[in-house]
Amino acid sequence: MKVCVIGNSQVGALFKAAQGNSARQYEHYDFHSILVARNVDIDSIPPGYVEIKNNRLVTTSAKHKINSQSSYYSDTGLDFSQYSAIIVSACGFWAYRNENAHWLFELRLADWPLKADSNIPTPLMVSVGLFEQITYAMQSHTVTMQICEALATSYAGKILVQPWPLPCETILLDQSWKLRRLYGDYACSISQFFFASQYKAIQQYLAQLGEQFTLLPYPDPDWLHSGYTPERFGTSDPWHMNADYGALVLQQAQRLFSNSHFG
Amino acid sequence: MSNSHPYSNLPKQAFWRTAVAELNPLAMKDLWQPRFSITKSTAIVTCGSCFAQHIGPALLRRGYHWLETEPAPRFLPQAKQCAYGYGAFSFRSGNLYTPLQLKQWVEWALGHTAMPEEVWAVDGRFYDPFRPTLEPMGFASAEEVYGLRRVTCDAIRKAIEQAELWVFTLGLTEAWRHRQLGYVYPVCPGTVSGEYQAKQHQFHNFRYPELYQTLIETLSMIRQLNSRMQFLFTVSPVPLTATASPNHVLIATEYSKSTLRAVAEDLKLDMEGVDYFPSYEMITAPPFRGIFYESNLRQVSAQGVEFVMNNFFNALTHADEKEANVSADLILPSQIEKVDVDCEEALLDAYAKVNS
Numbered sequence: 001m002k003v004c005v006i007g008n009s010q011v012g013a014l015f016k017a018a019q020g021n022s023a024r025q026y027e028h029y030d031f032h033s034i035l036v037a038r039n040v041d042i043d044s045i046p047p048g049y050v051e052i053k054n055n056r057l058v059t060t061s062a063k064h065k066i067n068s069q070s071s072y073y074s075d076t077g078l079d080f081s082q083y084s085a086i087i088v089s090a091c092g093f094w095a096y097r098n099e100n101a102h103w104l105f106e107l108r109l110a111d112w113p114l115k116a117d118s119n120i121p122t123p124l125m126v127s128v129g130l131f132e133q134i135t136y137a138m139q140s141h142t143v144t145m146q147i148c149e150a151l152a153t154s155y156a157g158k159i160l161v162q163p164w165p166l167p168c169e170t171i172l173l174d175q176s177w178k179l180r181r182l183y184g185d186y187a188c189s190i191s192q193f194f195f196a197s198q199y200k201a202i203q204q205y206l207a208q209l210g211e212q213f214t215l216l217p218y219p220d221p222d223w224l225h226s227g228y229t230p231e232r233f234g235t236s237d238p239w240h241m242n243a244d245y246g247a248l249v250l251q252q253a254q255r256l257f258s259n260s261h262f263g
Numbered sequence: 001m002s003n004s005h006p007y008s009n010l011p012k013q014a015f016w017r018t019a020v021a022e023l024n025p026l027a028m029k030d031l032w033q034p035r036f037s038i039t040k041s042t043a044i045v046t047c048g049s050c051f052a053q054h055i056g057p058a059l060l061r062r063g064y065h066w067l068e069t070e071p072a073p074r075f076l077p078q079a080k081q082c083a084y085g086y087g088a089f090s091f092r093s094g095n096l097y098t099p100l101q102l103k104q105w106v107e108w109a110l111g112h113t114a115m116p117e118e119v120w121a122v123d124g125r126f127y128d129p130f131r132p133t134l135e136p137m138g139f140a141s142a143e144e145v146y147g148l149r150r151v152t153c154d155a156i157r158k159a160i161e162q163a164e165l166w167v168f169t170l171g172l173t174e175a176w177r178h179r180q181l182g183y184v185y186p187v188c189p190g191t192v193s194g195e196y197q198a199k200q201h202q203f204h205n206f207r208y209p210e211l212y213q214t215l216i217e218t219l220s221m222i223r224q225l226n227s228r229m230q231f232l233f234t235v236s237p238v239p240l241t242a243t244a245s246p247n248h249v250l251i252a253t254e255y256s257k258s259t260l261r262a263v264a265e266d267l268k269l270d271m272e273g274v275d276y277f278p279s280y281e282m283i284t285a286p287p288f289r290g291i292f293y294e295s296n297l298r299q300v301s302a303q304g305v306e307f308v309m310n311n312f313f314n315a316l317t318h319a320d321e322k323e324a325n326v327s328a329d330l331i332l333p334s335q336i337e338k339v340d341v342d343c344e345e346a347l348l349d350a351y352a353k354v355n356s
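Chains A and B, in that order, give the protein sequences. Each step along the first sequence adds one to the number in our numbering, with nothing skipped, and position 158 is 158. Each step along the second sequence adds one to the number in our numbering, with nothing skipped, and position 279 is 279.
Keep in mind the hints are simulated off the structure, nothing from the lab. Mixed in with the good hints there might be a few duds.
Claimed, not checked - Label-pair distances were calculated between CB atoms; the ranges are:
hint, chain 1, residue 1, chain 2, residue 2, range
1, B, G124, A, T153, 36 to 44 Å
2, B, A315, A, K200, 49 to 57 Å
3, A, A116, B, S227, 28 to 36 Å
4, B, S41, A, T153, 46 to 54 Å
5, B, N226, A, D117, 28 to 36 Å
6, A, E211, B, S41, 50 to 58 Å
7, A, G184, B, S220, 38 to 46 Å
8, B, T317, A, A156, 56 to 64 Å
9, A, K115, B, D123, 30 to 38 Å
10, B, S220, A, D174, 46 to 54 Å
Quick reminder that beta carbons are idealized off the backbone N, C-alpha and C, glycines included.
Extracted from the complex, chain B is given alone in its bound form (with noise of 0.2 Å):
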């Protein structure tokens, strides 16, 4: 009989026992080959979930080319930028935690739908639907809400127009959407910003076919503008703060998240051009341990950024320019830098019951 089969040849990281089992956790390798170049050069984009506000910065520590088109103005000071939205994305779209968030934001910058006239206005001050937490104490009027998100429409416009390659984190399949316009929220109403109605907000719990279709549908109105555009999906590892499915926040979080992985997958498999890079995996997969998380067993700790951020830069530099991974011995470097994520969706928690 013969001893060979597919099996035989392939490589260590092929196999559990060799490639997870006997390792040290941290010193697992080669969990990302990117499908395409990547260089210094490239013009990349960054937007999604809370956990994406981590990207971008750590492309421009490095030296790459992270495309901000919708920067700080330059008398704002630096320690005044994160709480107006700047410098977390490479546009003011504030956090995007579903797909469809992203498709209508592209949508009213390519004209092909014209922006809600949505605004809420709370005690005298007035907030954007689409990014309630944007502008510390309100805006002053309907008309600055609206004059804004113009401007960060153009702002995406030239983001599709210029980069080279677009980074967007998955973070949630639940959401909360208006039900005669279509349009979904990034939290419900009424929990950060805005008035609850049920007769108007609609929860509606993503599944994998729409998922898929609204991506595949961004990315061609994306390509229709650039056609050179590439496209890097992540899974956020951050889980839910609440669910308002019947389920578990647990298992309504594995839900999420696992069909987003797959959608993820399966766009990588079925387009040109589009790739996944394996953050929730090192995050969350069994062999860490969970050890990446704050104490919330949330909240990614600066360690678990930095090992994440590192294999994601590991993987496009050569051989001899590899930075040195996170230490066995978990000791924190001194240079990580705590980066304050701004996370509507962790606001959820303040409804959270005690118990008794």
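Next comes chain A alone, as it looks inside the complex (with noise of 0.2 Å):
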């Protein structure tokens, strides 16, 4: 069974797991990433990243490559009907950075209190419903995503969808970060509630693009309830995951491609 396994740097930790896997369980998965820019503003998101060309996946601008060592990647893109089952890491949006555009930073719910002292320019209240809209059209932006629609059309076989992780709970520590600089302490259950909608909208979205999609749990349900993945998983960017959350996606995905009731 050949697994590929696609998506943007959030691939890296699924990467260096397998890299470093011992029983050489990953032999059969072949890795490959589309990085996009950081510090992109969504006025400067472009249309599409991906495309199917002659059942090819392939991106659409040479600004975009497709990292790849694996044989069945070549100039005319990814062949990914030689794939058993993919795995797309991860969907959802970018992180809310200081220097990205994020609707965290522009949008506010009635019941989020703002600290007093704040100088950022006030978030504009908005509904819940309205903020969850919105995170779901934005998932149509992402590459991972825009992955997932280019295959629903072309690719037969099953495909998992990892979420972006929480991030790291050493941000908590960053007095910078601008969520905190709006929302002091309350910054914690923003991010946990933005990431429960995000899941919710990740859902929801796949569901709409067929049966073959199934969304991972995040490897801890407790995360979710917390908003933040444990210190012991992070890197220096809290971001980005290490190789030991990496090998805890690539466990789940084993484990369904074990079970017979899966594919």
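With the hints as a guide, bring the two chains together.
Below, the structure written as structure tokens:
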């Protein structure tokens, strides 16, 4: 069984986990990533990152290459038909780093208490419904959801989708983090709300794309309740996890592949 | 005997035969002579009844400065903006069918009166009685209703401060109001949402003196904050979906529109910086033979909207820049954009009994 792991920079944790797996459990996994720019504003998001051409997945712009060492990838694109299953890593909108445009910095809900001393422009109050509508709509702007959309019409096999990891709890120590500056300690609850909202949005989105998609739960359901990934899984960047985290995701996938009812 | 009298030297437009009867209705000209200058840099606010939803987008399309003080968040897709009440008026007041609705929003925005606490709770969701269709699935909490009402009040205040022209489309004289607290709802509670309670909710068909006085007070409040504000009234040509008066709905409609029309004209005559734009006449007057209504004889067609707006803009521009009016052959221009108008009042049609 050949498995394709494809996605954004979150693929890195899974790749490192596979590389470091002494039991060589993941030799049959190929890893591909498409890196899009950091610090992108909403206005500069391209209409589409990927498309299917001659039954191969290709990027629409030379700026966004598929990084791959697999023999199934060439100048003509990725031959995904060679794989028995695909893992998309990871679906979700990009990190709400200070320098990124994100609706979490521009919108707020009625019960989010602003810090009185915040010198960031006051976010606009919106309803939960509208916030969730935006969270849902923005998924289509991500390279990973676009990969899902492209594959939905062209690939017959099972597709597992890893949700974007919850930020590492170390981010709460960063006093300059915009969300913290806006809401103080309440930033914890807001991040929890956002990721729960985004998880639901990805679920709904994938349900519309087809039954071949399975959204993986977070490796530990408690993380979604807290809104953060424990520090032991983090790296120096709170938005990217380490090989131990990657291993958990790969184990989730393996368990599903081993399940005779799956597929 | 002298042949000179006041009618001797009147222009052609003063006579029915030359200005109306002998003309193709679509060739009628000079239906409106603006009382004051409106340029592409004039900051314009629009609000009012359903028909007013056409005006703001039309202003934008023609390069006019339509003020939207409550714009949609930039992350919200354009296709979803209408569903959340964005893009219809300068702020998310929802349809303002009666002058008292406008007055109470202005009072809340300027802090003259406290916002009511009334919220409608239905099946775990919460609705704003003053704009019950704003949130597609209702709000998550009463706190959300209040918070977002405050956001709109802030937007209205900003509109008052920044605008130079306030366009208000008068829709109805009929309304439902809170018996004890006096404020009006856009629709009868219980029809779109909420629950009708006879002890609390009262039908009222506003009469000329009330309407006139309400608008005088409203304009005065606005001008206290922004003395340069000018006003342009229109009357919606859309008939009532239903009447709670004892009259036939056709008769009730004529009463409503006639009264509003009279109020608008008298405001124009009595106040500086107030004008009236005859969109009502352009759609409903006999020469047009109802050609601008859809088959339900209620909804104004895209051609009708285009005809009205062409007349509006033609009157504002210089003679050599005038755009061609709708073709006398009534061929539907392919560029006409059909605007889906959100109208709670139209939902009343669901309660009409089928004729046996």
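Handout entry: Range hint 38 to 46 Å (beta carbons of G184 (chain A) and S220 (chain B)) holds or violated
Key = holds, 44 Å
Exercise for the section: Evaluate the given range 28 to 36 Å for the C-beta pair formed by N226 (chain B) and D117 (chain A). Expected result: For N226 (chain B) and D117 (chain A) the Cβ distance comes to about 33 Å; the hint holds.
Exercise for the section: Determine whether the Cβ-Cβ distance between E211 (chain A) and S41 (chain B) falls within the hinted range of 50 to 58 Å. Expected result: Since E211 (chain A) and S41 (chain B) have Cβ atoms about 56 Å apart, the given range 50 to 58 Å holds.
Exercise for the section: Could you see if the CB distance from A116 (chain A) to S227 (chain B) stays within 28 to 36 Å? Expected result: The hinted range 28 to 36 Å holds for A116 (chain A) and S227 (chain B), with Cβ atoms some 35 Å apart.
Exercise for the section: State, for the Cβ atoms of K115 (chain A) and D123 (chain B), whether the hinted interval 30 to 38 Å holds or is violated. Expected result: holds, 35 Å
Exercise for the section: Starting from the range 46 to 54 Å, see whether the pair S41 (chain B) and T153 (chain A) falls in it by beta-carbon distance. Expected result: Taking Cβ atoms as reference, S41 (chain B) and T153 (chain A) lie about 49 Å apart, which means the hint holds.
Practice task
Go ahead and decide if the range 56 to 64 Å is satisfied by the Cβ distance of T317 (chain B) to A156 (chain A).
Solution key: holds, 60 Å
Exercise for the section: Take the C-beta atom of S220 (chain B) and the C-beta atom of D174 (chain A), compute their distance, and say whether it sits inside 46 to 54 Å. Expected result: holds, 53 Å
Problem - Hint check for K200 (chain A) and A315 (chain B) - Cβ pair distance inside 49 to 57 Å - result: Taking Cβ atoms as reference, A315 (chain B) and K200 (chain A) lie about 51 Å apart, which means the hint holds.
Handout entry: Status of the given 36 to 44 Å range, CB of T153 (chain A) versus CB of G124 (chain B)
Key = holds, 38 Å
Violation of the numbered hints given earlier is absent; every hint is satisfied by the structure.
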